[in-house]
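Colleague: The chain contents come next:
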Amino acid sequence: MTASLTLIVVMAVLYACGVYLMLERSMTRVLVGFLLVGNATNLLIIMMAGQPGVSPFYDGTTTADEMSDPLPQALVLTAIVITFAVSAFLLALIYRSWRLSQEGEDDLEDDVDDIALRAGDKGVVAELVDSTQVESEFAVPDEDAGSRP
Amino acid sequence: MTPTSLVPLVVILPLLGAASALILSRRPGAQRLATIAALVAVLVVGCILLYTVQTSGPLAMEVGGWAAPFGIVLVVDLLSALMVVVSAVVLLAVLLFSVGQGLADGDHETPVSIFYPTYLILTAGVLNAFIAGDLFNLYVGFEILLVASYVLITLGGTEQRIRAGTTYIVVSLVSSMIFLVSIALIYGALGTVNIADISRRMSEIPADVQVLLHVMLLIAFGIKAAVFPLSFWLPDSYPTAPAPVTAVFAGLLTKVGVYSIIRAETVIFPGPELNVPLMVVALLTMVVGVLGAVAQADIKRLLSFTLVSHIGYMILGVSLGTADGTSAATYYIVHHIIVQTTLFLAAGLIERVGGTTSINKLGGLLAASPILAAMFLIPALNLGGIPPFSGFLGKLALFQATAEQQSPLGYVLIGAGALVSLLTLYALVRVWSLAFWRSADEVDGYESELLRNVTEAPNATAVQQRRRMPRLMLAATGGMVLVGIALTVFAGPLFALSDIVGENLESPAIYVDLVFPSGGADD
Numbered sequence: 001m002t003a004s005l006t007l008i009v010v011m012a013v014l015y016a017c018g019v020y021l022m023l024e025r026s027m028t029r030v031l032v033g034f035l036l037v038g039n040a041t042n043l044l045i046i047m048m049a050g051q052p053g054v055s056p057f058y059d060g061t062t063t064a065d066e067m068s069d070p071l072p073q074a075l076v077l078t079a080i081v082i083t084f085a086v087s088a089f090l091l092a093l094i095y096r097s098w099r100l101s102q103e104g105e106d107d108l109e110d111d112v113d114d115i116a117l118r119a120g121d122k123g124v125v126a127e128l129v130d131s132t133q134v135e136s137e138f139a140v141p142d143e144d145a146g147s148r149p
Numbered sequence: 001m002t003p004t005s006l007v008p009l010v011v012i013l014p015l016l017g018a019a020s021a022l023i024l025s026r027r028p029g030a031q032r033l034a035t036i037a038a039l040v041a042v043l044v045v046g047c048i049l050l051y052t053v054q055t056s057g058p059l060a061m062e063v064g065g066w067a068a069p070f071g072i073v074l075v076v077d078l079l080s081a082l083m084v085v086v087s088a089v090v091l092l093a094v095l096l097f098s099v100g101q102g103l104a105d106g107d108h109e110t111p112v113s114i115f116y117p118t119y120l121i122l123t124a125g126v127l128n129a130f131i132a133g134d135l136f137n138l139y140v141g142f143e144i145l146l147v148a149s150y151v152l153i154t155l156g157g158t159e160q161r162i163r164a165g166t167t168y169i170v171v172s173l174v175s176s177m178i179f180l181v182s183i184a185l186i187y188g189a190l191g192t193v194n195i196a197d198i199s200r201r202m203s204e205i206p207a208d209v210q211v212l213l214h215v216m217l218l219i220a221f222g223i224k225a226a227v228f229p230l231s232f233w234l235p236d237s238y239p240t241a242p243a244p245v246t247a248v249f250a251g252l253l254t255k256v257g258v259y260s261i262i263r264a265e266t267v268i269f270p271g272p273e274l275n276v277p278l279m280v281v282a283l284l285t286m287v288v289g290v291l292g293a294v295a296q297a298d299i300k301r302l303l304s305f306t307l308v309s310h311i312g313y314m315i316l317g318v319s320l321g322t323a324d325g326t327s328a329a330t331y332y333i334v335h336h337i338i339v340q341t342t343l344f345l346a347a348g349l350i351e352r353v354g355g356t357t358s359i360n361k362l363g364g365l366l367a368a369s370p371i372l373a374a375m376f377l378i379p380a381l382n383l384g385g386i387p388p389f390s391g392f393l394g395k396l397a398l399f400q401a402t403a404e405q406q407s408p409l410g411y412v413l414i415g416a417g418a419l420v421s422l423l424t425l426y427a428l429v430r431v432w433s434l435a436f437w438r439s440a441d442e443v444d445g446y447e448s449e450l451l452r453n454v455t456e457a458p459n460a461t462a463v464q465q466r467r468r469m470p471r472l473m474l475a476a477t478g479g480m481v482l483v484g485i486a487l488t489v490f491a492g493p494l495f496a497l498s499d500i501v502g503e504n505l506e507s508p509a510i511y512v513d514l515v516f517p518s519g520g521a522d523d
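Taken in order, these protein sequences are the chains called X and P.
For the first sequence, my numbering gives the first residue as 1, with consecutive numbering after it.
For the second sequence, my numbering gives the first residue as 1, with consecutive numbering after it.
Bear in mind the hints are in silico, worked out from the structure with no lab data behind them.
No residue lacks a Cβ here, since even glycine has one placed at the ideal position from N, Cα and C.
Heads up, some of the hints might be wrong.
Stated by the list, open to error - Derived contacts from chain X toward chain P, CB cut-off under 8 Å, selection only:
no., residue
1, Thr41
2, Leu44
3, Pro72
4, Ile82
5, Ala85
6, Val86
7, Phe89
Same shape as in the complex, but just chain X (with noise of 0.2 Å):
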């Protein structure tokens, strides 16, 4: 058995970098080391191609260099048209705990200033209109301060 020393390091690394992110806390990560080890996986299977075994299309007569195995190959493409729907899948999973997360910051709690703003006091929006001024760097309109919702 013949095996490209390229491919097994390429494999190596792929697998090695893909366990480290599997075990990160983020989806993201996960998602992105699942990647890496369903390619290596695929790696590992083109690699295991060949004469080693006998493989079932391998008669004995055809040289290795004049052949190509056609198993692994179709293994490797139904892998990675299931590694596809899988990540998919995971991406759609990682949006939904994303606005899940997002949508308790949504929940805005009673402030106070916002409560005076609207019953009309003059005073706190001049210190808003201030304070905006001072840490942001877009142009706040003086009249729809107080208008906003």
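With the hints as your guide, set chain P onto chain X.
Modeller: Leaving out everything else, chain P in the frame of chain X:
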């Protein structure tokens, strides 16, 4: 038309059903009918296959007409046919249960237009795994059922389900990857992925490589079957899903893993190298699982832990490596699929009647619904192994097969098995006496030895509004209870069947001859 051409229908029918259910997603009535029709058709085909296999021997279907080592084979022997029929019964009952739930609740909780097609795809995956004659096809079957189960376990996308689903999905991804790597290594070592061909060539490779491949396959299947050190994910992820989804996952998905372990132990690696480690694993699975169950207050979590614990009995049967052991394991798998699903369906009904599944808050259910009480008590006693029921018969057969070996470890396992069934009974009878027997006005400030050391489920939800039980849900659960009783009534023929399964499995040559009738094309 020969019976062989019926074999692929087991996978094609649910997939066609899924497609039509997706097309009909705007017409809920037609969608429900299409889904039920597809599953009824699968059940009929399964019964015909079982009858054919029993009368005229196992079937091997070469897909596309390509002969065995080159093409894909679908193999239906007695074990596969039995599993297909039992799965179809369970899937149909759970489907009727969820149809009843959907009709009653107006489908507010979950997007049901997605539920039915996904459910049928899950069916296709499970059945494909049961009839696969090819390791890679088995992998594809696993992936189909896993992707469908990812969608089902996160159905509705609430925060709790996303969190539980994430654990489940990441663990499943790892197990699939290990499975794929072991397929690659098997192909590298043997030059084939056909199970029968692997079985023929396995003796040609060095023993240490065999052990490596064997262990990798067992780890991949062990995660799916929730065998002890690899079972941590199950009690955290199953209970949060909707009741019918949990029921079908508990009944079938782990059993697909156990089925694969049986195939691996009998056809691919028939030798006894790993039997003792497997027995130890079976022991730990039984004991650790049931100890978890005893500490739970939430009925669904409790049932998930007993599920893990009873996987141990099946692994014990497989690990013996004798025809009697495999036969007892087969009967036990059939029993456990039916009973565990019934219990989870009953837990779904308890949640409707009582508004919660925590035994700290439930009470007076016997007065509220005597029929539900009966539908919980019968499968509970069955799982605990009370004599007339199939749980007792299955355990007895397992213990007999273990005792035949006369090894010290075997006797330890028999003792542990008896203890575990007592503890299962304790956990379930406690649910009975608190949730059903205790009256509703006793619940507040109730003090008892029974409630000591019991923990609530993490992020347990508040008591919900009590809802009535639709007739269809009751009928589906009641039907499953009757099927469970039928396992006792027809225990004789079923044991005769599982004895043949055991004998066939312990001589792998039968499986190989089935796939290569003329002794193989390439030799």
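Colleague: Which constraints among the numbered hints does this structure fail? Numbers only, ascending.
Modeller: No numbers; nothing is violated.
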